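Peer 1: Full structure from sequences and hints, please.
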Amino acid sequence: MHLQNYKIIEDLVASIYTKDISDFGDRSYYPQILKLVSRINLKNFTNENLICEDMVFCSTSNGASINLISRSLGLPRETVRRKVSELIKLNWLVKDNSKIYVSQEWRKKNLENNEIILKELIELSRKI
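Residue numbering for the sequence shown follows my numbering, starting at 1 and increasing by one per position.
The hints are simulated quantities; they were obtained by calculation from the structure and are not laboratory data. Take these hints with a grain of salt, some might be off.
Cut-off 25 Å, straight-line C-alpha distance, at most; resulting in silico cross-link-like pairs (BS3-like, lysine-lysine) [claimed, not checked]:
1) Lys-35 to Lys-127
2) Lys-108 to Lys-35
3) Lys-109 to Lys-35
4) Lys-89 to Lys-35
5) Lys-95 to Lys-108
6) Lys-127 to Lys-108
7) Lys-108 to Lys-119
8) Lys-43 to Lys-108
9) Lys-119 to Lys-89
10) Lys-99 to Lys-89
11) Lys-43 to Lys-109
12) Lys-99 to Lys-35
13) Lys-95 to Lys-35
14) Lys-109 to Lys-99
15) Lys-119 to Lys-43
16) Lys-108 to Lys-89
17) Lys-99 to Lys-43
18) Lys-43 to Lys-127
19) Lys-109 to Lys-119
Simulated restraints, written as ranges between beta carbons of each label pair [claimed, not checked]:
20) Arg-126 to Glu-105: 27 to 35 Å
21) Glu-115 to Thr-46: 17 to 25 Å
22) Arg-126 to Lys-95: 27 to 35 Å
23) Lys-108 to Lys-43: 15 to 23 Å
24) Ser-65 to Arg-126: 39 to 47 Å
25) Ile-128 to Glu-53: 39 to 47 Å
26) Glu-112 to Ile-88: 31 to 39 Å
27) Lys-127 to Glu-78: 40 to 48 Å
28) Asn-91 to Lys-127: 16 to 24 Å
29) Arg-39 to Glu-115: 15 to 23 Å
30) Asp-96 to Arg-126: 40 to 48 Å
From a predicted model like this one, the values you see are computed outputs, not experimental measurements. Heads up, the beta-carbon is just placed ideally off N, CA and C, and yes, glycines get one too.
Peer 2: Set out below in structure tokens:
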């Protein structure tokens with residue numbers, strides 16, 4: 001890979017991590033848990049409106065569990081349980097019938113972040 005292309009890609013990846021740090025600070029595991037739960041939720045999501053109300057989202061997507069998050073991230077179950085509880089209090093996650101979902105508030109913020117990353121990827125593809 002050409003060094004200039006490598007640097008451009010490295011800048012993109014750094015911007016993603018920098019955004020996570022600015023959003024979550026030193027609250028470890030928040031980005032990993034949110035991104036994993038979102039990925040699980042969206043696996044079979046059928047609604048066209050990603051920013052729908054939380055109850056609509058919960059009824060049309062896959063819910064995650066503490067055990068699944070724990071296994072997927074290789075973290076102790078109790079650590080995941082505590083972090084999920086913190087994220088629920090911050091309104092980044094919601095719980096419905098013991099299943100965990102990303103909240104409407106987080107989906108809005110994440111969609112905005114993804115649009116920024118998409119613009120950077122388009123610019124990256126032009127440079128390469």
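Peer 1: Now tell me, hint by hint, if it's right for this structure.
Peer 2: Here's how the hints hold up against the structure:
| no. | hint | verdict |
| --- | --- | --- |
| 1 | Lys-35 to Lys-127 | 28 Å, violated |
| 2 | Lys-108 to Lys-35 | 13 Å, holds |
| 3 | Lys-109 to Lys-35 | 12 Å, holds |
| 4 | Lys-89 to Lys-35 | 17 Å, holds |
| 5 | Lys-95 to Lys-108 | 18 Å, holds |
| 6 | Lys-127 to Lys-108 | 29 Å, violated |
| 7 | Lys-108 to Lys-119 | 17 Å, holds |
| 8 | Lys-43 to Lys-108 | 18 Å, holds |
| 9 | Lys-119 to Lys-89 | 32 Å, violated |
| 10 | Lys-99 to Lys-89 | 16 Å, holds |
| 11 | Lys-43 to Lys-109 | 19 Å, holds |
| 12 | Lys-99 to Lys-35 | 15 Å, holds |
| 13 | Lys-95 to Lys-35 | 16 Å, holds |
| 14 | Lys-109 to Lys-99 | 21 Å, holds |
| 15 | Lys-119 to Lys-43 | 24 Å, holds |
| 16 | Lys-108 to Lys-89 | 17 Å, holds |
| 17 | Lys-99 to Lys-43 | 14 Å, holds |
| 18 | Lys-43 to Lys-127 | 32 Å, violated |
| 19 | Lys-109 to Lys-119 | 16 Å, holds |
| 20 | Arg-126 to Glu-105: 27 to 35 Å | 33 Å, holds |
| 21 | Glu-115 to Thr-46: 17 to 25 Å | 22 Å, holds |
| 22 | Arg-126 to Lys-95: 27 to 35 Å | 43 Å, violated |
| 23 | Lys-108 to Lys-43: 15 to 23 Å | 20 Å, holds |
| 24 | Ser-65 to Arg-126: 39 to 47 Å | 42 Å, holds |
| 25 | Ile-128 to Glu-53: 39 to 47 Å | 40 Å, holds |
| 26 | Glu-112 to Ile-88: 31 to 39 Å | 22 Å, violated |
| 27 | Lys-127 to Glu-78: 40 to 48 Å | 46 Å, holds |
| 28 | Asn-91 to Lys-127: 16 to 24 Å | 38 Å, violated |
| 29 | Arg-39 to Glu-115: 15 to 23 Å | 18 Å, holds |
| 30 | Asp-96 to Arg-126: 40 to 48 Å | 42 Å, holds |
Consistency note: the structure conflicts with the earlier hints numbered 1, 6, 9, 18, 22, 26, 28.
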